[in-house]
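Hey, can you work out the whole structure from these sequences and the hints?
One line per chain: the protein sequences are A and B, in this order. According to our numbering, the residues represented by the first sequence are 1 to 376, in order. According to our numbering, the residues represented by the second sequence are 1001 to 1405, in order.
Among these hints, one or two may not hold up.
[As the list claims (entries may be wrong)] 30 Å max Cα-Cα, derived DSS-like pairs, lysine-lysine: (1) Lys1126(B) - Lys1078(B); (2) Lys10(A) - Lys1117(B); (3) Lys1172(B) - Lys1210(B); (4) Lys1088(B) - Lys307(A); (5) Lys22(A) - Lys351(A); (6) Lys17(A) - Lys1091(B); (7) Lys1393(B) - Lys22(A); (8) Lys1091(B) - Lys307(A).
Everything labelled a hint here was simulated from the structure, so no lab data went into it. Since the model is a prediction, treat every value here as computed from it, not as a measurement.
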Amino acid sequence: MNLALTDEQKLIRDTAKDMLRKDGARRLRRLRDAAPDARFSRELWAEMGELGWLGLTIPEAHGGAGLGLAELALVLEELGRGLGPEPVGAALLLGAGAIDAAGSEAQKARFLPRLATGEALATLAWQEGPHRPAPGIPCMTVAEAQPGGGYRLTGEKREVVAGANADVLIVSARVGGDPEPRLFLVEAGATGLTREALDRVDAHPVARVALAGVEVGEDAALPGVAALGGVLDRATIGLAAEMLGGMAAALEMTLAWLRERRQFGVPIGSFQALQHRAARAFVELELTRSVVMAAARTADQAGVPAKALAQAASLAKARASDAFALIADEAVQMHGGIGMTDEHDVGLYLKRARVAAQSYGDAAWHRDRWARLAGY
Amino acid sequence: MSRVDLDAFRADTRAWLEDNAPASLRGRPGDMFHGTWGGRRGDFESDDHRVWLERMAARGWTAPTWPAEYGGGGLSRKEAAVLAEELKRLKLPAPLIGFGLVMIGPTLLQFGTEAQKRQHLPGIIKGEIRWCQGYSEPGSGSDLASLQTSAVRDGEQYVINGQKIWTSYAEKSDWIFCLVRTDPGARKQEGISFILVDMASPGVTTKPIKLISGASPFCEVFFDDVRAEARDVIGGVNAGWTVAKALLQHERTMVGEVFARSVLGGQQELLALARAAGLGPPEGSLEAPLVRDRIAQSAMDERAFMLTVQRLQDNARAGQPPGPESSILKVYGTELNQRRRQLAVEIAGADGLGWSGDAYDDGALGLTRDWLRSRGNTIEGGTSEIQLNIIAKRVLGLPDAGGAA
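What follows is the structure, encoded as structure tokens:
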């Protein structure tokens, strides 16, 4: 594993920088205030599709670029810097990721090319309670096999990223007494499917999804079994990359303020009490960068064992959760009064840090899993 | 060097090591602080350790990447990496460790004149001369540039008077590299020279320091009219601060990497302690959830730190050498080690509190001593506060107290 960027990776990062850095978090604010129902920019989404970003990790055989999570992480980091609400991570790692990991060749051929261009958006509906469940807690959504073939899906899903915007939902559901849930494709217009967009503190697109006896055909079931864990681990690493960008931007914003803001006749950044806190935040940021890069590279290794992927994902997410929360808290504190106003962007980082920290398992969940995987 | 040449080098190296590495040393890798230090009064753990040093030094492989003209191995970075891998494969210890190899040697290569390199490097490579570092003084700790030890020119010599403190292994060392004041009238950083002094010179005395952990490698070193040669000033008279800073940066990287190695395996150590202390069964989940969480946190911090060490090394290999960022490793590595040492004592409970005597086994006594010793990690080699100052000013670009950036 090499933790230095290749020339190709630098190019991807620089392209993403050019496209996403100009607006910063102001864009999220505009979407929040001006278009609360849209939640993200369809124009930018189309542009990303044209650039090939929405197919970055989709295999070339299905219209994508066939690159790895190490490359996608660079785009997600840049998106995260500006708190971009476009569901790139969910679309690629949850939606396309689930189809790629568990779908049949026919399902892949049918959906992946449209996802790669951005023509269609897929996501995964897996969470049912307020927390990521401990291992062994059964999935409550059920898929009953129908006498004439096909399945009938009943249950409720929460915190579905882009759940109200997606054209295709992949729903996890238990079949009979199987311990592991299976994954089912549900298209947006299905009878019995209701979706409620949530107004969450971070203003990112997320929904609750109810399935009241939604009937799907036999070909809606993804044949792959036990795929959910790996899909979630990859998406968790993607989220950690996005968080890395968020914390880097929050720290840079704070450093600029420390240099600019004057009290007692000097820049407040000359005070050692603040310098040391900023320096400690930087140390946490740099450690987070290491674990995120390592996790993405682990995920890209051919035939990586499930345990190694889970450990890498937990390491990245536990640290990203704690570091982003710390840096966002410190950023608001060091901004002083202006940091508490809605007008200032730093508060948007605080809100997103909290949401991200509590998504896909919080730091404690991931430490618990780390310990379990290590046998204690 | 082509892939084929590198493969040939590996085959030759492997064959040579198989023939020349003493069997008794295989499977005993050692670390930065445990091994053969060499020197005029060097004692070897065994005859095989002596043989191992002599054979490796004859090829220059105690300092694999140093130029062959000074007795080094003359290997490229890739060849040196192959050598390191082959040593690791046989779990062999480094033939020689010490501050000559990791501190003064690289400094001489960077700042020394041809004559200085020829005089001093071969003795380091062969393990004949053991070096120590004379930086801190009783009145000059974090404010190192305020140092007062004076060196007054007298013909082709300097006459040195003053005192150094926190000098590791001074009583076992043959030469000392020292910061001395050669111009008391200049701005404090500009009147300092970096000079090499033979510890056998008349007027040099050393006195060990006992720490709260009961022992220590540290000494005080006193200079009373000690005569040193003017030709042993490195980097020019009154230009010693530049040399000193370069060496300190090197030291920080080294200290960080040393801690990276020393924290390895922390999870297994802590787990074994917890099981032994009755906090869990011999296998399976621990019964104390908070202890379990703290062990996981410590293990994950350790892994994140190791990956950061690796990332900085990978960046260096890709042409982006470490700068003041090396302070990150010093701050984080030392605090990580402190957290782990304290957690070990907490988990051991009453068994982690012994000071001496047969009532405690060696492992238990080691826990107490290691915890106490670890408190010094964030003080020595530049305090955490100094490292944070460096990060704030030189990496983050925050302004000085006067208001200037």
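Status of the hints after comparison with the structure:
no. : hint                    : verdict
1   : Lys1126(B) - Lys1078(B) : 23 Å, holds
2   : Lys10(A) - Lys1117(B)   : 40 Å, violated
3   : Lys1172(B) - Lys1210(B) : 16 Å, holds
4   : Lys1088(B) - Lys307(A)  : 26 Å, holds
5   : Lys22(A) - Lys351(A)    : 21 Å, holds
6   : Lys17(A) - Lys1091(B)   : 45 Å, violated
7   : Lys1393(B) - Lys22(A)   : 27 Å, holds
8   : Lys1091(B) - Lys307(A)  : 28 Å, holds
Checked against the numbered hints above, the structure breaks hints 2 and 6 and satisfies the rest.
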